[in-house]
Amino acid sequence: MSINRREFLKIAGISTVAGIGAPWAINEILNRGVEAARVLPGLEALVAKRWAMVIDTRKFRTADDYKRVMDACHRIHNVPDIENPKHEVKWIWTDTFEHAFPGQEHKYMPEDIKHKPFLLLCNHCERPMCVRVCPTKATFKREDGIVMMDMHRCIGCRFCMAACPFGARSFNWRDPRPFIKEENKEFPTRMIGVVEKCTLCYERLAKGLKPACVEESNGGLIFGDLGDPNSEVRKILSSTYTIRRKPELGTEPSVYYIIGGNENV
Amino acid sequence: MFEKALTGSRRYWVWVFILLSIIGVGFIAYMRQYTYGLGITGMNRDVSWGFYIGQFTFLVGVAAAAVMVVLPYYLHNYKKYGRITVLAEFLAVPSVIMCLLFIFVDLGQPFRIMNVILHPTPNSVMFWDAVVLSGYLLLNILVGWTVLGAERKEVPPPKWIKPFIYIAIAWAPSIHIVTAFLYSGLPGRHLWLTAIMAARFLASAFASGPALIIIISLIVRRFTNFDPGREAIQTLGKTITYTMILNVLFLGFELFTGLYSNIPGHMHPFQYLYAGLEGHGKLVPMMWISSILAVIALILLINPKTRRNESTLAVAAVVVFTSLWIDKGFGLVVGGFIPNPLERVTEYWPTIPETLITLGVWAIGFLILTLLYKVAVSVKEEVVYDKYGEKQVKLFK
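Residue numbers (my numbering), protein chains in the order written: chain A, 1 to 265; chain B, 1001 to 1397.
Be a bit skeptical, because a hint or two may be false.
[Stated by the list, open to error] Quick list of simulated restraints, FRET-style, between CB atoms: (1) 1304/B <-> 6/A: 52 to 58 Å; (2) 1036/B <-> 13/A: 39 to 45 Å; (3) 1196/B <-> 111/A: 38 to 44 Å; (4) 1349/B <-> 67/A: 32 to 38 Å.
[What the hints assert, rightly or not] Here are the simulated BS3-like cross-link-like pairs (lysine-lysine), alpha carbons at most 27 Å apart as the crow flies: (5) 141/A <-> 210/A; (6) 1079/B <-> 1305/B; (7) 67/A <-> 246/A; (8) 1394/B <-> 1159/B; (9) 1004/B <-> 10/A; (10) 1387/B <-> 1004/B; (11) 1282/B <-> 10/A; (12) 59/A <-> 235/A; (13) 1387/B <-> 1374/B; (14) 1079/B <-> 1153/B; (15) 1391/B <-> 10/A; (16) 10/A <-> 1162/B; (17) 86/A <-> 1282/B; (18) 207/A <-> 49/A; (19) 1391/B <-> 1374/B.
Derived by calculation from the structure, the hints in this document are not laboratory data.
Glycine included, C-beta positions come from ideal geometry on N, C-alpha and C.
Given only the sequences and the hints, what does the whole structure look like? Please build it.
Structure follows, in structure tokens:
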């Protein structure tokens, strides 16, 4: 059999493609690659079936009550302090009732509730839209319900930001590092062009510590396992009336609010 | 065949050079964006997609519109389109390339783009969009090049190409349907969360794409010896008449449901776009220009006299294209983010570097379009007669 130059090149080309592609394809089929979602909890780690948080807004009264909580989070996670609101990065912040719970407000509601700031953060939804839309699985849900971010895989397409109905996600519009006042060497800083958000202090849970905001809240934030009927969060949810943000969208937020003004503690 | 793009008149090279310089300026602006970050654009935490994704969305429509020429020709044997199928296919190619480039320049970490393939995620519409767009690009290069190659040798196209042509016809709407799904499946974005989104996308695509083919056909006839044919252009005029009517109707349906239902979330984006919301109304003039242009287009297109007159048809085509470019390349994407999920208004307007990068990508598209059309037109000028024995070149240059 004789082959000419053209045919030889064709066969050589196809063989090269097959040679490179086949091992990868076989590997993909056999062990489906390694997903970033795979984690093994350590011995001292706090574990749960599904983490949740109750925000008792009655316990937040002074500006300092909020500031302590937000600062603790932003400080240990190297969240940059960018003043321009267009480029700001925030993991936990506040807004008033009509913005936190749009459509729930009415003209005659108590003045103190109307003007009170409400703490807002990622809801760690049971059915997170951000995870559904992410084209690289850079954002994913852990088995314990935490919606995680792999900032090394994120391509910065911002589909998750369009999909999140709670405005919980921030994008690094510019290099965040010059805006970090005091860098916490224990936690990575981020680079230009990736999305970030609250990760429910997964790094602290792994060491057996509660999230930083919970620790600083003086009992205003209650953290626990929804899967455990005897947990504190379950006890509160079954005894006190709580609401969630935009429940009608079906994302099943894991953050619950006890709504109260300043005087009726 | 490609060598035909390497010889040309002085005018051809001047045009290529102008495009190259715009590309150069865009590239410099992109380098600046790459080092500084996307903060150099007008996008922000609340309006997290802007001009780039708008252009992407609009151009997917232009690319899909090739089917409006290819389908009547191959499925209904509409012979008058025989000469211009390659023009439609060669318009789809740079359009898809521009789409991919607009995605690329919009990414925060562009060099991680292969993560989409390394970690395929079928639950993400973006994954499917990447699949259908690249498939469509390959199909159009393959079909356009093969059919043109056959025409050059004055033989019928090879039989094996037929299945690819039929696949390309079925594939075309899919690229725009999937692109619509990027938007219409998101909870909490009221402007986008509508079942008619894909239909509206198709209608606007099948108006803006053929409008561009009309404009380009007229330009090609003026500046080269190839004549796409008066009747083909007239039929395209009818296509854009119906699709533009559908598009305006669909927008009207959206406005009715949004405004009559009185649901605040559904009303707010429309209020922002057409009247301004809480004192913010940067997009209002643009949206009204788009609406007025749409009305002018319908008058020029529905009236048979102005549609049959090639000069007024050309005006109508430009007006359709501009109106839809504003509506889809700007208003639809930005409007979806305003107000934000917390019912606050943050506005968006493209910055100068962002505009230069956008122009640069368009210039790349036009450069590819110019090269492909140069090849196609040169072949047609040489062959003189089309497949059906009719002269496809003008007598005098």
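| field | Hint numbers contradicted by this structure | value | Those not satisfied are hints 8, 11, 15.
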